[in-house]
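Novice: Each chain, written out:
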Amino acid sequence: MTILVLAEHDNATLAVATAKAVAAARAMGGDIHVLVAGAGCGAVGEAAAKLDGVGKVLVADNDAYEHHLAETVSELIVHLAGGYSHIVAAATTTGKNTMPRVAALLDVMQVSDITAVVGPKTFERPVYAGAAIQTVEASAETVVVTVRASAFDAVGDGGSAPVEAVDFVAGAPKVRFVSRDAAVSAGPELANARIVVSGGRALGSEDKFNEMIKPLAEKLGAAIGASRAAVDAGYAPNDWQVGQTGKVVAPDLYIAVGISGAIQHLAGMKNSKVIVAIDKDPDAPIFAVADYGLVGDLFALVPELTEAL
Amino acid sequence: MKILVPVKRVLDANIAVRVKSDGTGVDLANQKMSMNPFDEIAVEEAIKLKEAGIASEIVAVSIGPAQAQDTLRSALAMGADSAVLVKTDAVVEPLAVAKILKAVVAQQSPDLVIMGKQAIDDDSNQTAQMLSALLGWPQATFASKVVIADGKATVTREVDGGLETLELDLPAVVSTDLRLNTPRYASLPNVMKAKKKPLEEIDAASLGVSLDATLKVVSTVKPADRKPGSMVGSVAELVEKLKTEARVI
Ligand SMILES: Cc1cc2nc3c(=O)[nH]c(=O)nc-3n(C[C@H](O)[C@H](O)[C@H](O)COP(=O)(O)OP(=O)(O)OC[C@H]3O[C@@H](n4cnc5c(N)ncnc54)[C@H](O)[C@@H]3O)c2cc1C
Ligand SMILES: Cc1cc2nc3c(=O)[nH]c(=O)nc-3n(C[C@H](O)[C@H](O)[C@H](O)COP(=O)(O)OP(=O)(O)OC[C@H]3O[C@@H](n4cnc5c(N)ncnc54)[C@H](O)[C@@H]3O)c2cc1C
Chain A
13 MTILVLAEHD NATLAVATAK AVAAARAMGG DIHVLVAGAG CGAVGEAAAK
63 LDGVGKVLVA DNDAYEHHLA ETVSELIVHL AGGYSHIVAA ATTTGKNTMP
113 RVAALLDVMQ VSDITAVVGP KTFERPVYAG AAIQTVEASA ETVVVTVRAS
163 AFDAVGDGGS APVEAVDFVA GAPKVRFVSR DAAVSAGPEL ANARIVVSGG
213 RALGSEDKFN EMIKPLAEKL GAAIGASRAA VDAGYAPNDW QVGQTGKVVA
263 PDLYIAVGIS GAIQHLAGMK NSKVIVAIDK DPDAPIFAVA DYGLVGDLFA
313 LVPELTEAL
Chain B
443 MKILVPVKRV LDANIAVRVK SDGTGVDLAN QKMSMNPFDE IAVEEAIKLK
493 EAGIASEIVA VSIGPAQAQD TLRSALAMGA DSAVLVKTDA VVEPLAVAKI
543 LKAVVAQQSP DLVIMGKQAI DDDSNQTAQM LSALLGWPQA TFASKVVIAD
593 GKATVTREVD GGLETLELDL PAVVSTDLRL NTPRYASLPN VMKAKKKPLE
643 EIDAASLGVS LDATLKVVST VKPADRKPGS MVGSVAELVE KLKTEARVI
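Which chain is which? The protein sequence lines are A and B, in order. Read in order, the letters of the first sequence are residues 13 to 321 in this note's numbering. Read in order, the letters of the second sequence are residues 443 to 691 in this note's numbering.
Mixed in with the good hints, there may be bad ones.
Claimed, not checked - Taking lysine-lysine pairs in the BS3-like style, the calculated list, with each CA pair at most 30 Å apart, reads:
no.: 1; chain 1: B; residue 1: K683; chain 2: B; residue 2: K529
no.: 2; chain 1: A; residue 1: K186; chain 2: B; residue 2: K490
no.: 3; chain 1: B; residue 1: K683; chain 2: A; residue 2: K226
no.: 4; chain 1: B; residue 1: K683; chain 2: B; residue 2: K637
Stated by the list, open to error - Across the chosen pairs, the derived CB separations fall in these ranges:
no.: 5; chain 1: A; residue 1: A24; chain 2: B; residue 2: K474; range: 16 to 24 Å
no.: 6; chain 1: B; residue 1: G467; chain 2: A; residue 2: S217; range: 42 to 50 Å
no.: 7; chain 1: A; residue 1: P174; chain 2: B; residue 2: Q473; range: 52 to 60 Å
no.: 8; chain 1: B; residue 1: Q509; chain 2: A; residue 2: D169; range: 49 to 57 Å
no.: 9; chain 1: B; residue 1: S661; chain 2: A; residue 2: A195; range: 44 to 52 Å
no.: 10; chain 1: B; residue 1: G465; chain 2: A; residue 2: D165; range: 24 to 32 Å
What the hints contain is simulated information worked out from the structure, not anything from laboratory work. For each residue, glycine too, the CB sits at the ideal point set by N, CA and C.
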């Protein structure tokens, strides 16, 4: 049994999500190979070779993979798929974009967004915004899986696997990369931060969002998140949305400010270790999942909290 | 230009999910079912393209039981021109859905398929990508902006780290994200008119796609509840508890 894990990276740095996907692969058992597909991505290959449990790193370094287009990367994976029992990727937007294509081209189902490995081909995955947990068993010869990174602890980096070049070049796709518009955030990355401070509709404007949430996050060294309502209203960039259809996070501490706690939001944060909720409505559903609830006006409480830290 | 919009009938997003105590699934009996919210966004986008004079025809398609007709009527009431129900009472996995949609594409010859990025019941987020791969058409998932011109679609996508823009040759598959548009409500006259719009029914079995499940659902259970928390009376008490009790700061 050999498992192929698709590395998540930006051609320069290996994302932590990869070390978490490798952790899930380790739980499935067997040898682990990591595939780095990109352009000018040699340093990423070297970083992947250090991940504990990895037996070999394959690097496909070619312009065809520079922007991680789903079309070219899935063609590459299908080309390599023959010898593998499992093909695994973190359920990042890149993983979600690419892996269902791999599954369809191999004529197998994908098991999406797993949160636990029960057996080599048996996994837990949340459905209905986390209101239910399904245990699913795959029977296909090649099992295609995406992994919810927040549910697994990253493997260490004490390894030294051999790195091998892959020279397969995917055909020219009928899609071209135009541009990328990166959301700027000064603090740690939302998906992996130890502390997250999130703001909701109650903030009322982008200015107020920044005035209230940013200083608190800075004081705590926290990443900033937001509810869908806050993103829709333009208080925060799309990349900050936490929830069923946004990012799923499980930090040590999650502070929800002026967020009511709709099930779609809870889906993205209810596995945080400690949850703090600040809301003026004592009946807000967020308090049902909060370890510590504070009822009152956020515009008074948040500056007071920032000051007290 | 012709647009195909797949729409799925799901448990309404505002309904609390009840997991059956015997582990066999979610109780959907007598519950309010609605069009998957991402599919409403897909229908809206197709209508906008028609209103802009870019699209000429919108066909909605659903795969599911007879009741999925209601979902198709909603799409017709919003502004789709006609609808196709691929009828089955079976549980259809995303790969089979994608294969059925490929067969419908062969019958309808659309220039563009716009669909939801994820159905809010199964949360699979895979059908659009699978369809694109099976058709050999380019894909743009998680769209927040779609511009069609000169036989090409320029699509801005919501990705980790911000936004990405791709240019696709048509025909293509696009999946919708939340910020693409705000779906309209169907007016009462349009709901009435929708009853007269054509709705064709096809038996899923006639399309030659195997509907046999390849994933076995062993059990469906309610997740463990979090242990109950407590309310604090002041910021000072909160900071104290976070430091000494929870020890997270
Ligand atoms: C298909 C679909 C997908 C979705 N995906 C997501 C998702 O991924 N993530 C997500 O977050 N949501 C998602 N939603 C939306 C979700 O259902 C809620 O609408 C959303 O989370 C509400 O955001 P909110 O809590 O900020 O706003 P509200 O529900 O309006 O809550 C605002 C809260 O602020 C409190 N408040 C107001 N003023 C003050 C004040 N001065 N001081 C203190 N408190 C105050 C109020 O009491 C209230 O509790 C989705 C919905 C659908 C249909
Ligand atoms: C009556 C019925 C009962 C079911 N009960 C269960 C159950 O209890 N447990 C279970 O695990 N599965 C069940 N399923 C199957 C489950 O709904 C499929 O796995 C699903 O069709 C595909 O997964 P998804 O919707 O999460 O796909 P996603 O990839 O998340 O969907 C993305 C998009 O694909 C399109 N799409 C998906 N499905 C359809 C469709 N049927 N018709 C038209 N467009 C579609 C939509 O545009 C949607 O937004 C049932 C299906 C039916 C018909």
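Novice: The structure should be examined with respect to each hint, and the outcome stated for every one.
Specialist: Against the structure, the hints:
With a CA separation close to 57 Å, the supplied pair K683 (chain B) and K529 (chain B) exceeds the 30 Å bound. As the CA atoms of K186 (chain A) and K490 (chain B) are separated by approximately 25 Å, the hinted pair is consistent with the 30 Å bound. Taken as a hint, the K683 (chain B) and K226 (chain A) pair is honoured in the structure, with Cα atoms around 22 Å apart against an allowance of 30 Å. For the proposed pair K683 (chain B) and K637 (chain B), the alpha carbon gap of about 60 Å is over 30 Å, so the pair is violated.
The supplied range of 16 to 24 Å is broken by A24 (chain A) and K474 (chain B), whose beta-carbon atoms lie about 48 Å from each other. A hinted range of 42 to 50 Å for the beta carbons of G467 (chain B) and S217 (chain A) is consistent with their spacing of about 43 Å. Range check, P174 (chain A) to Q473 (chain B): about 54 Å between beta-carbon atoms, so the 52 to 60 Å window is met. Taking 49 to 57 Å as the suggested C-beta distance range, the pair Q509 (chain B) and D169 (chain A) conforms, at roughly 53 Å.
For S661 (chain B) and A195 (chain A), the Cβ-Cβ distance of about 39 Å falls outside the hinted range of 44 to 52 Å, so the restraint is violated. The beta-carbon spacing between G465 (chain B) and D165 (chain A), approximately 28 Å, falls within the hinted interval of 24 to 32 Å.
This entry does not satisfy hints 1, 4, 5 and 9, going by the numbered hints stated previously.
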